[in-house]
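Work the whole structure out from these sequences, hints included.
As given, the protein sequences belong to chains A and B, one line each in that order. Heads up: the first sequence runs through residues 1 to 157, numbered per the working numbering. Heads up: the second sequence runs through residues 1 to 157, numbered per the working numbering.
Hints listed in this document are in silico derivations from the structure and should not be mistaken for laboratory results. One thing to keep in mind: the hints can contain errors.
Heads up, incomplete: computed chain A residues facing chain B, CB under 8 Å, no partners named [as the list claims (entries may be wrong)]: (1) Val30; (2) Val55; (3) Ile88.
With a straight-line Cα cutoff of 27 Å, these simulated DSS-like cross-link-like pairs (lysine-lysine) come out [to be verified]: (4) A:Lys39 to B:Lys39; (5) B:Lys108 to B:Lys39; (6) B:Lys108 to A:Lys107; (7) A:Lys108 to A:Lys39; (8) A:Lys107 to B:Lys141; (9) A:Lys39 to B:Lys108; (10) B:Lys39 to A:Lys141; (11) A:Lys108 to B:Lys107; (12) B:Lys107 to B:Lys39; (13) A:Lys39 to A:Lys107; (14) B:Lys141 to A:Lys39; (15) B:Lys141 to A:Lys108; (16) B:Lys108 to A:Lys108.
Label-pair distances were calculated between CB atoms; the ranges are [what the hints assert, rightly or not]: (17) B:Gln101 to A:Ser57: 21 to 29 Å; (18) A:Ile143 to B:Glu99: 29 to 37 Å; (19) B:Gln104 to A:Asp58: 15 to 23 Å; (20) B:Phe156 to A:Ser57: 46 to 54 Å; (21) B:Gln104 to A:Thr151: 20 to 28 Å.
Don't be surprised by glycine CBs; every beta carbon is placed ideally from N, CA and C.
Number of protein chains: 2
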Amino acid sequence: MKEFVIVAAALLMFLACQPKEAELTTKKEVESIFPSGEKGSDEFFTGNAYALSLVPSDSTLTTLVGNVYFEAGARSHWHTHPAGQILIITDGIGYHQLEGQPRQELKKGDVATCPPNIRHWHGASPYTGMQQLYIIPNNEKGIVEWMEPVTDEQYFR
Amino acid sequence: MKEFVIVAAALLMFLACQPKEAELTTKKEVESIFPSGEKGSDEFFTGNAYALSLVPSDSTLTTLVGNVYFEAGARSHWHTHPAGQILIITDGIGYHQLEGQPRQELKKGDVATCPPNIRHWHGASPYTGMQQLYIIPNNEKGIVEWMEPVTDEQYFR
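Printed below as a string of structure tokens:
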């Protein structure tokens, strides 16, 4: 019986000293305003991104609006918008980079813009997801042109 | 002593039958993504509305974006937008009405649109505030034309 108590105590001490798995890998809870939508295609995204259309393109408002939830580590491929884009972060933490400029960190309440025909990418940070609204104006000029994936070197630097 | 107990019991029954003031007047907590911004002018709003500019008008994106927090009971005056408007509700409960159509109830996650040059108003419900993003496209056509206040009869019906 005494041995059992000693073994049990040692086991408890061992378990108490282990790093908590939750601290290492659990993603911070990211609040959602909208349903999560459809998983984005591997042709356009690295990792898990979920897109929901909120306002479809039409000839009156000429403005596409939607929400993307990027899971931690997920990001778009490089792409351009013929009339530019506006991003509004509603929760979480992520990145936006215009080609040739430093990567910008984005968090809840931040707004980022991309001028027409400038290559950019956007996505979540490695350990926290990001909820972002996107606005694409002047759809008569086009919506998006997709390009190559963002490499790990580009994403992590 | 017996009389005291009877009086106390009657008093308790009386109080228990009163409508709870909290139910009638307390505003539900409304979450905010952005700072609350500047109080809107009495020329354009009834009650307390706070507006924050997120993307100013420019000749490239031609799209104005901002956030309005309407306190419970607050609403815009009637107005039109020469190129229309998109509203995205990020929290709370409110209303949107296009002239000649039924008043629409809006809640977190809802999207409403207003076509060009149609008279409309938007605001919070009487007992719960509303957080809304607004998008005004094609600013080269103009932004907004303000008109008369929404009457209590129009608001409460």
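Taking the hints in turn, this is what the structure says about them:
no. : hint                             : result
1   : Val30                            : 13 Å, violated
2   : Val55                            : 6 Å, holds
3   : Ile88                            : 7 Å, holds
4   : A:Lys39 to B:Lys39               : 40 Å, violated
5   : B:Lys108 to B:Lys39              : 22 Å, holds
6   : B:Lys108 to A:Lys107             : 20 Å, holds
7   : A:Lys108 to A:Lys39              : 22 Å, holds
8   : A:Lys107 to B:Lys141             : 33 Å, violated
9   : A:Lys39 to B:Lys108              : 22 Å, holds
10  : B:Lys39 to A:Lys141              : 36 Å, violated
11  : A:Lys108 to B:Lys107             : 20 Å, holds
12  : B:Lys107 to B:Lys39              : 22 Å, holds
13  : A:Lys39 to A:Lys107              : 22 Å, holds
14  : B:Lys141 to A:Lys39              : 36 Å, violated
15  : B:Lys141 to A:Lys108             : 31 Å, violated
16  : B:Lys108 to A:Lys108             : 16 Å, holds
17  : B:Gln101 to A:Ser57: 21 to 29 Å  : 24 Å, holds
18  : A:Ile143 to B:Glu99: 29 to 37 Å  : 32 Å, holds
19  : B:Gln104 to A:Asp58: 15 to 23 Å  : 19 Å, holds
20  : B:Phe156 to A:Ser57: 46 to 54 Å  : 37 Å, violated
21  : B:Gln104 to A:Thr151: 20 to 28 Å : 46 Å, violated
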